[in-house]
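*Asks:* One letter stands for each residue in the lines below.
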Amino acid sequence: NAGVTQTPKFQVLKTGQSMTLQCAQDMNHEYMSWYRQDPGMGLRLIHYSVGAGITDQGEVPNGYNVSRSTTEDFPLRLLSAAPSQTSVYFCASSLQTGISGNTIYFGEGSWLTVV
Amino acid sequence: AQSVTQLDSHVSVSEGTPVLLRCNYSSSYSPSLFWYVQHPNKGLQLLLKYTSAATLVKGINGFEAEFKKSETSFHLTKPSAHMSDAAEYFCVVKGAGYALNFGKGTSLLVTP
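Here the protein sequences come in this chain order: W and B.
Just so we're aligned: 103 in the working numbering is position 103 of the first sequence, and the numbers increase by one with no gaps anywhere.
Just so we're aligned: 93 in the working numbering is position 93 of the second sequence, and the numbers increase by one with no gaps anywhere.
If you are wondering where the hints come from, they were derived from the structure by calculation, not from laboratory data.
Take the hints with a grain of salt, since some may be wrong.
[What the hints assert, rightly or not] From chain W, some residues computed to sit far from chain B (all C-beta separations above 10 Å):
1. Thr-7
2. Thr-70
3. Asp-73
4. Leu-79
5. Ala-82
6. Val-115
[To be verified] Computed list of lysine-lysine pairs in BS3-like fashion (alpha-carbon distance at most 25 Å, straight line):
7. B/Lys-58 with B/Lys-42
8. B/Lys-104 with B/Lys-58
9. B/Lys-58 with B/Lys-69
10. B/Lys-58 with B/Lys-68
11. B/Lys-42 with W/Lys-9
12. W/Lys-9 with B/Lys-104
Glycine included, every Cβ here is placed at the ideal spot set by N, Cα and C.
The whole structure should be built from the sequences, with the hints applied where relevant.
*Replies:* Right, dumping it as structure tokens:
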């Protein structure tokens, strides 16, 4: 059982380039989400999904795009990378969100630098 | 809306002494509360969670937290710090919505 798997772990991009951060989970979780972590800011929600075909915006969605074609995968796309998107990105998943207290599992993070 | 405030951005303790990491929450209804730990360059690991059962919650690695509704607090404690406890700790609240609201983190330093 691999849990939540993120790739790549490290990436350097040039301003204006696009790329996709991959996230996959093998726990049949309905809920998946992407967070970014910046120093002194905690984690902030970018986008989330409550099931295949359903996505919604979080707190900081601008500059990012997501899709959920399968239960297992939830890729995050940077459309035109900017230095402000330099951050550590975490993917997370959990069972039904309507049940409070379901443990949320995090991937190990993707370190992205935009130059 | 739900939010958490971690009262200390940095805490330093000596090995073998108690640890106290403070967290206050704001929620319009009974929240679910979590503590996560993040070691350098690693992902987040769940330490413990409160989901309206027992107010004293025991977690992994000897950590525990007490939910105090009257004080809107969920402080994390450990009787005796170990060098391996040095990490960033996040208090997190989850309400009826889908998002987790993270505190800004407390960096725990453990000195020999």
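*Asks:* Hint by hint, which ones does the structure fall short of?
*Replies:* Nothing - there is no hint that the structure violates, so all of them hold.
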